[in-house]
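Participant: The lines below spell out each chain.
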Amino acid sequence: MSDTKKMIETVHAARWYGQIIAVNDVSLEIGPGITGLLGPNGAGKSTLMKLMVGQLRPQKGEVKILGERIWNNRALMRRVGYCPEHEGSYEDLTGLELVTALNRLHGIDAGESEKRAKDMLARLDLADAMNRRIAEYSKGMRQRVKLAQAMAHDPDVIFLDEPLTGCDPLARVKVLEVVKALGDRGACVVVSSHVLFEVEAITSEILLIHKGQVLAEGDIYAVRDLIDKHPHKVRVECDRPRELARALVDADHVLNLGFEAGALTVDTREPDRCYPAIPQAAMKAGVTITSLTSPDNNLQAVFTYLTEERDKPGAHGAKTTAGAA
Amino acid sequence: MSAAKAKVAAKEPRGAIRDQGYQPYTGSYTPEGGRWKLIFGRMLKMTARQPWVLVMLILCIFPGLVGGVITYIQAKMYAAGAAPSPEPNVFYLFTKWYGTLIIGFLTALFAGGGAIADDARAGAFPFYFARPVTREQYLVGKLVPPILLVFCVTVGPAMLLAIARAALAKDGDDAMIALLLPFKTIGLGVVEALALGVPVVALSSTSRGRAYVQGAFAALFLLPWILGSVFTGVTRSPWPNILSIRAHLLNVGHFIFAVPLEENERALPVWVSAAVLTALVVGSLVLLRKRLESMEVVGS
Numbered sequence: 001m002s003d004t005k006k007m008i009e010t011v012h013a014a015r016w017y018g019q020i021i022a023v024n025d026v027s028l029e030i031g032p033g034i035t036g037l038l039g040p041n042g043a044g045k046s047t048l049m050k051l052m053v054g055q056l057r058p059q060k061g062e063v064k065i066l067g068e069r070i071w072n073n074r075a076l077m078r079r080v081g082y083c084p085e086h087e088g089s090y091e092d093l094t095g096l097e098l099v100t101a102l103n104r105l106h107g108i109d110a111g112e113s114e115k116r117a118k119d120m121l122a123r124l125d126l127a128d129a130m131n132r133r134i135a136e137y138s139k140g141m142r143q144r145v146k147l148a149q150a151m152a153h154d155p156d157v158i159f160l161d162e163p164l165t166g167c168d169p170l171a172r173v174k175v176l177e178v179v180k181a182l183g184d185r186g187a188c189v190v191v192s193s194h195v196l197f198e199v200e201a202i203t204s205e206i207l208l209i210h211k212g213q214v215l216a217e218g219d220i221y222a223v224r225d226l227i228d229k230h231p232h233k234v235r236v237e238c239d240r241p242r243e244l245a246r247a248l249v250d251a252d253h254v255l256n257l258g259f260e261a262g263a264l265t266v267d268t269r270e271p272d273r274c275y276p277a278i279p280q281a282a283m284k285a286g287v288t289i290t291s292l293t294s295p296d297n298n299l300q301a302v303f304t305y306l307t308e309e310r311d312k313p314g315a316h317g318a319k320t321t322a323g324a325a
Numbered sequence: 001m002s003a004a005k006a007k008v009a010a011k012e013p014r015g016a017i018r019d020q021g022y023q024p025y026t027g028s029y030t031p032e033g034g035r036w037k038l039i040f041g042r043m044l045k046m047t048a049r050q051p052w053v054l055v056m057l058i059l060c061i062f063p064g065l066v067g068g069v070i071t072y073i074q075a076k077m078y079a080a081g082a083a084p085s086p087e088p089n090v091f092y093l094f095t096k097w098y099g100t101l102i103i104g105f106l107t108a109l110f111a112g113g114g115a116i117a118d119d120a121r122a123g124a125f126p127f128y129f130a131r132p133v134t135r136e137q138y139l140v141g142k143l144v145p146p147i148l149l150v151f152c153v154t155v156g157p158a159m160l161l162a163i164a165r166a167a168l169a170k171d172g173d174d175a176m177i178a179l180l181l182p183f184k185t186i187g188l189g190v191v192e193a194l195a196l197g198v199p200v201v202a203l204s205s206t207s208r209g210r211a212y213v214q215g216a217f218a219a220l221f222l223l224p225w226i227l228g229s230v231f232t233g234v235t236r237s238p239w240p241n242i243l244s245i246r247a248h249l250l251n252v253g254h255f256i257f258a259v260p261l262e263e264n265e266r267a268l269p270v271w272v273s274a275a276v277l278t279a280l281v282v283g284s285l286v287l288l289r290k291r292l293e294s295m296e297v298v299g300s
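So the protein lines, in turn, are chains A and B. In terms of the numbering used here, the first sequence has 117 at position 117, counting the first letter as 1, and numbering is strictly consecutive. In terms of the numbering used here, the second sequence has 82 at position 82, counting the first letter as 1, and numbering is strictly consecutive.
Worth flagging that the hints you see were computed from the coordinates, not collected in a lab. Please read all numbers here as calculations on a predicted model, not as lab measurements. Please note: incorrect hints may appear among the correct ones.
One side only, chain B facing chain A, incomplete, derived with CB under 7 Å [to be verified]:
| hint | residue |
| --- | --- |
| 1 | A122 |
| 2 | A130 |
| 3 | I226 |
| 4 | L227 |
| 5 | S229 |
We treat Cβ as the ideally placed atom computed from N, Cα and C, and that holds for glycine.
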């Protein structure tokens, strides 16, 4: 691998269906570790993922994996794993049969294919169920079989399209654990999801896509800091919110104050000044603070802000690090 | 972390794979050219799990047995000069409704109906094509099982009958004629297997529903046969049979086995039948390729 920082690279990649542009002039680079591919339904996540997996050919631009074009590159396919979004599977096969058969399509011999299938299914807590027909599996078990087939041949680049769909809480923990381990060992893992807190649990690296374009990429907190137009919200739980509001109302960095049950919300464009000012004001007013949080400082807030901003009439795109935004 | 360790870590390229108990595959890879065999093997296994396919494989024995008994009796009578040669019996076994033709059709229906439709319904394309598998390998792997099974249920009994006929030859000249039967059997068997096996797989690429495919294939095979027979009887012209796969197979069978037309039997010129069957097979292959290309995951 010549440049490990560029395990995935797209250059002005575009793909459309008739009049609808699913992926629009996307240029990006993804390195090792886990990257969350985020976006609302219909944003172009799955199309972008299929372009990156080599299942769709870009109508414009190019998509490279590990420095080589992925389209029609069968040798490269061996180093790629893909867990598609849909739920279908071969109902008549057992989990072990399916994963073994798909391993064999990678060119791995029969014995080794079965061994690897068993290992991976066991890692996903399917050791006891691997010899049962998939028709008898729960939704979460089917999902884990799909994950097993994507990872059993030990790929360097892994694409997981909504990998947690249908998983119960225990299965989610197990899947996230396995995905984290893959990222930790240096594999490039792209996880698409619209359930933001799940992505947040495994990575802070994001790729936010909306209407076929990349709105933001990089570290979620860095992205948040770059959204300068958007006021930062701070939620202060305290015994006397109105007293605290009175103490803060004259501060020039405070844009807006709001009240919730047992809490005060403070909007500011200067969080660095605002955070220390709140406890100081509370001390002066004799207010007891029980909690100080920033509901904005998470993926959901960034996601909501960027997508809403983009949807406003006349908006030219959010100001982010995104190349294509 | 000690300073030395930190120095080493800093020198390591970002993204180096540190194995955590999972060993990268270092063995050899199976040849790419043979990848279709894996798809073929998997499909054959899944086809063999269908009870109706097994029923057809068993049923095809009976016309062969009956034909064998008739051929034995007829050969003895022919040797005694009391009956015509049993030569055309293999041809009858292939082309008559009481032979293996219907069994061949049903085998294609059950074995080929779900060939691609089942994959489309199961969403299997992303699994296949995220691997080093080409469209062509996939197509060959899906086409061969129904063609092979139709070939087995039609050629198997006919071949045994042809061998029995040769063994029962009354003299050297008769044996020489009978010895050509196995080759003729293979010839018509290949035509029949392709004419039945390829269209059903092509139809299978047009839908996710196996039942729809099977209904469409039954209509394609039976309707022109029935309507063609009726209108040919009324008009006394062979042309209403132009769309009948069965009529063309019969016609090609007449040609290969050199069996003359029966009284009142009307047949199209054999080149017309050959052209229609070729167009059917080639058209089906073109449709198959187009369908696979139009599917999102394998767009060219």
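Participant: It remains to establish, for every hint, whether it holds in the given structure.
Facilitator: Hints and how they fare:
{"no.": "1", "hint": "A122", "result": "holds, 4 Å"}
{"no.": "2", "hint": "A130", "result": "holds, 4 Å"}
{"no.": "3", "hint": "I226", "result": "violated, 35 Å"}
{"no.": "4", "hint": "L227", "result": "violated, 38 Å"}
{"no.": "5", "hint": "S229", "result": "violated, 39 Å"}
Of the numbered hints listed earlier, those contradicted by the structure are 3, 4 and 5.
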